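S.K.: With the hints as your guide, set chains C and H with the ligands onto chain G.
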Amino acid sequence: MSGSKASPVDTEIDEETNEETFTGKGLDRVEDHRILTGRAEYIHDITPEDCLEMGLLRTTHAHAEIVEVDAVAAEEHPDCDLVLTGEDIAEHYNPMPCGLPGISEWSLAKDRVHFVGEPVALVVASDRYVVEDLIDLIDVEYDTLEAVSDPLVARTDDTVLHEELGTNVPDDDEFVFGDVSDAFDEADNVIENQYSWGRISGVPLETAGVVASYDAETDTFDIDCNIQLHTLVDDTVYETLGYDADDVALNVPPDVGGSFGTKIALHRYCALAAMASHQLDGQPVKYVEDRIENLQGGDMHSSDREYLVRIAYDDDGTIRGLDINFVDDYGAYPRYPVNQVLKPLSVLTNAYDVDAVRYSYELVLTNKTSQTAYRGFGVDPHLYALESVVDEAAYDLSMDPYDFRWGNLIQPEQMPYKLPSKNIYDSGDFPEAQARIKELVEEERTEGGLLDPEIVEQRRENGKYRGVSYTVHIEPGVSGADWTDRQRSDRDALDDRDRADVDELPEHLRCEVGDDGTVTVYLATDSSGQGHQTIAKQLLADELGILPSEIEVEYLDSVEAPTEYGSAASRMAVMLSGAAQGLGETLADNLELLAADHWNVETSAVAYQDGAVEMIDGNDRLTRSELAEIDANFGDRLAQASYNYQHPATDVAAFDEAFVRKYPVYPTAAFAANAPIVEVDIETGEVEILKLYSLRDCGTQLNPTIVEGQAQGGLAQGIGAALLEEFPYDESGQPQAVTLFDYLLPSTKNIPEMQIEHSETPSPFTETGAKGTGEGGMIDGPASIATAINRALEPMDVVVDRIPATPNRIRDYVRDE
Amino acid sequence: MKPSPFEYHRPSTVEEAVDLLADLSDAELMAGNQSLSIIMSNRLATPDHIIDINGLDELQYIDSDGDAVEIGALSRHCDLETSEILREAFPILPEAAEQIAGPVVRNRGTIGGSIGEADPAGNYPCVAVALDGEVEIASSDGRRTIGAEEYFIAYMLTDLEEDELITDIRFSRDAFPISRTGMAFLGQKRAAQTWPTLSVASSIRVDDPTADAPTVEDVRIGLANAADVPIRIEAIEDELEGEPFTEAALDTVGEMAYENVEPQDEMHADERYKRELAREYTKRALNTANSRANT
Amino acid sequence: MYISMSINNSDANRDRPTQEVSLAVNDEEVTADIEPRLKLSDFLRNDVDLNSVRIGCEHGVCGACTISVDGDLVKSCMMYAVQTDGSEIETVEGLSDDGSLDPVQEAFHEEHALQCGFCTSGFIMSTRALLQDNPDPSREEITEQLSSNICRCTGYQNIYEAVETAAEKMEND
Ligand SMILES: Cc1cc2nc3c(=O)[nH]c(=O)nc-3n(C[C@H](O)[C@H](O)[C@H](O)COP(=O)(O)OP(=O)(O)OC[C@H]3O[C@@H](n4cnc5c(N)ncnc54)[C@H](O)[C@@H]3O)c2cc1C
Ligand code: FES
Ligand code: FES
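Residue numbers (the numbering used here), protein chains in the order written: chain G, 7 to 823; chain C, 1478 to 1772; chain H, 8 to 180.
One chain only, chain G, in its complex shape (with noise of 0.2 Å):
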């Protein structure tokens, strides 16, 4: 292997010359020709016979007290079949668990509402339709309150949105790292600006669904849904409903229409139609969101950000500190994703050399829908405010940015590099990349490019100013499991942690060897378009040196399979890998010792060769519908498999301080440069994407097809948080936002051609190298966007200290230049 040289591929395949192994090749997905006819089974595609329909109402209040609920002509309504309050459900089942103690979230609202599009109460009958009117026949009376959606004004807690708790602000912390005074007392510059995140979210073409079963006879519930992680947060459901996880099995069909980190949380949902599925005596009770709801109050918005941003740096361009803090305003619960907040401490200088960084957050609750995880968690406004305040000191100085961070980035001599928040990069040629996405841009300042001094020029003087910038941003990848509970672990107690403490979660993977021959692998995680079924079977394929085709992929449920991470974080490609390898290993051992037993010989007498079993002497072989045949008889034993893969920053000695402090640990660091080509018409505030050169590396591509696809959509939806989504609230808590004319996804007409090259560095620390890579262009597009206009807007002198970057933004900064 080249160690960490980055070598550029060629993504072309060609299908005839790559007989021998299936992984690194852009396979065709197999997951396509079910979706592309129109045969895959979606979670709204699934309505059991006798299946009822459940709806929500929904609070059109952002603060009130709940007076009353009635209920009663819905009730009596010939055509319903069951109505739950908040009331009725706190009878019988829990509240939802939080992601911070103290806190008691119920999945209907009880005495209070604290957002807009909470769900007050739940209604079933024969179909949506009669659900929508007999919602209608429900009054709810309130006593409204005053609703804070500023975050800013949330924290000084002149309203408490949970008496319980006392305070907005639930959870904070501060890290100091190196010798931060020092940096900021002797640095000869120090700048310190605020940025602003806008709230955003992965939206996700499929909305959330769920088709929940009760069975009497066994006091166990079915529920189907397209919950993410539904082997790591099961507990969610089955602990609100009160059952053990044993009892609750949740199911994810295997075509989900996107999640991208929304669909972790859909818990309430799944809940709510589990209870109304108990109390009608196990008929099966569906939901299925709509955009409205999904909008409103689907629980699913993240990040929403305010940042006061220090930095010191010398008059050579060194950086010396930096100064991270941040208000994140969680919505009404602190959910699941708390340590959303925490995540950038992996990548917590971005591609810098710097010692000394302080990082302070503050977690703030409001009167809005509680945030969920969305592709990049946390880090994509940590990268943008970054590289925000980066532009601002090069500016300080009259230093091209460029040259400013240049100067100032890891070196590839420092790999791996370990942050002073402790976490590690593994390989990459940071340099490298920045020069190369700048000579892959030099080009269009050729004549007729679109950075053609001239043309630039003449385009100024009509009032459209390009720009381009160079930026270089790491994607932390394979995320451990153990930090992930920091906030509701005893903080003081972790300096003096053991190493022995730690608990991670292993990626499982099993399989078993039918009577055809077909081995069947059995995924313990959910997939939400990323290829997994594809990618498994190339992993497989080459372990057991079979074909694709001889392959079949299968989902467990969360009872079969054991509590695990899965896919988020951008962890498969790793996890997957590791686990395929050692499942194939595995098999090959439990078949060479059937295949032994059968001919009763030693092991050493047989070996397992692609895809049989045969005596080393070359007499006689087994096939593997052979050996299952025979494994048959003898009480199915040795055809199947089952393998736990650990996770690879266990065995790395050096990650054990942030495994013992739970600092994020995410051992692989996929790396992009990128330079989106803007135009900004300084009139009217809008800005154009001209082009988007990329320059991306996750280390050996598993799939080369993927990797590019997880590339462009990922960049798509960086572009949108850049220029695009957003949503606002008004002061009294009513979302602005609720419809997709508002919600502005980007369409064909809002992406432009992006060329996008790939190398491949491999990560030391992963079987085949790969490195995470499910989240990248939603990380660093939107700094590289803002970056860019900033460029654009250098003779202003302009930096973009809000995103989305809105034409009417644009507006406030340039009009009074």
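These are calculated hints, taken from the structure and not from any lab test.
The list that follows gives simulated cross-link-like pairs (lysine-lysine, DSSO-like), each with its CA atoms no further than 30 Å apart:
#1 H:176 / G:755
#2 C:1666 / G:470
#3 G:755 / G:697
#4 H:176 / G:31
#5 H:176 / G:697
#6 C:1666 / G:755
It should be emphasised that the depicted structure is a prediction, and the values quoted were computed from it without experimental measurement.
M.R.: Chains C and H with the ligands only, in chain G's frame:
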């Protein structure tokens, strides 16, 4: 997002339709359903009766003679967009049509529905106000015609009575001899399928396009989403008429647009910003119209 | 070929008025007694079992529900099923009855123009309609046509490729 129950009627003539309107209480006309369906799904509208006028073939036409262009109310946005007659005689209508949503919405949405809905951000309403469109209306009592400017009264409130149906939108060609007239419809639309933040409909007629500095004879300027109704700014028209077109005059009328609009704050466009857009798009639309008049 | 299929869900409608409609869906005759308020999208999904019709917004923006009615593309969430009495409807299920792929579907697969796939039916219908009218569309024409549909996963680049590949395939057919 499911509508409440309604009874469905599908007349096949205007006469049947207006009789139904007269007979039924709480009835709503349905044309392309590209707006109505949304407020029915939200249950902001819960009519007892839906009168589907998609069967009124008699309202689906685009005609032009020397005097006027006439567009049947049931003409779809895609019909306007691709109409050779309009491209020839009244090119601002295809230009306004092609900027509505995406092609699939344009396959269904109608000009009658757009005028009936009277959204102040709508594309056709501001064209109609600027270019003296006339709305022809039928009821069981007979027919009447009203000028667009009187038709739009206040925010989504029009002169249309509950028992009336729009049959036709008519534009007199008198003021717009095509060889000496240029028209332009421009605006800001932040995403393909959202309503524009602000748009401008404009027209300029000159005395002699071949002259060195032709005199501007007639100017029209209408703005959408710049007030609670589509508005026309006659002061701008007066300012430009009777002189040759100049850059300096453009700056002046830009400022007039800034002053004369009455916009409301909305999510991503505050009042001040909308005034700026009014200024800028007024200038651009007039500039484009002028150069089109001179070619 | 016309296969007849009769749907009676009046059971669910209790005493609300219903109306009978008769239409051809993917060349299959369908007769149903339905409430007038039933959206075409819901009718096709729930009553005719055509799950390729996907619902992403129910307000005309996402395009996941795009189908063809009498040869025109429409967003089926913005029509009522009663309106389609006597119409001919085509959905993705009608493109391939033996499980084989038509050139547009093939091209989407080859170019990796789908990830989660939730938008895919709408894009296939839009692409087919485009290529029927315009066998060799420019990038701008593709941009315009597909601006009726939203894809949240792919970033559109591969969708452009797929449309162009499909155009080539159809030309060579
Ligand atoms: C995604 C999307 C984006 C859009 N973007 C734009 C845009 O940028 N600009 C724009 O202008 N529009 C836009 N629209 C609206 C679109 O133009 C609608 O088609 C139009 O506003 C309504 O026309 P319709 O035929 O669909 O009317 P319907 O929705 O059927 O009816 C609308 C109203 O008009 C009444 N009505 C209909 N026909 C008549 C008639 N003949 N006489 C009297 N009353 C009648 C109805 O009773 C109803 O109250 C958009 C719509 C969508 C879905
Ligand atoms: S569901 Fe019809 S357009 Fe979105
Ligand atoms: S593939 Fe997921 S929305 Fe298009």
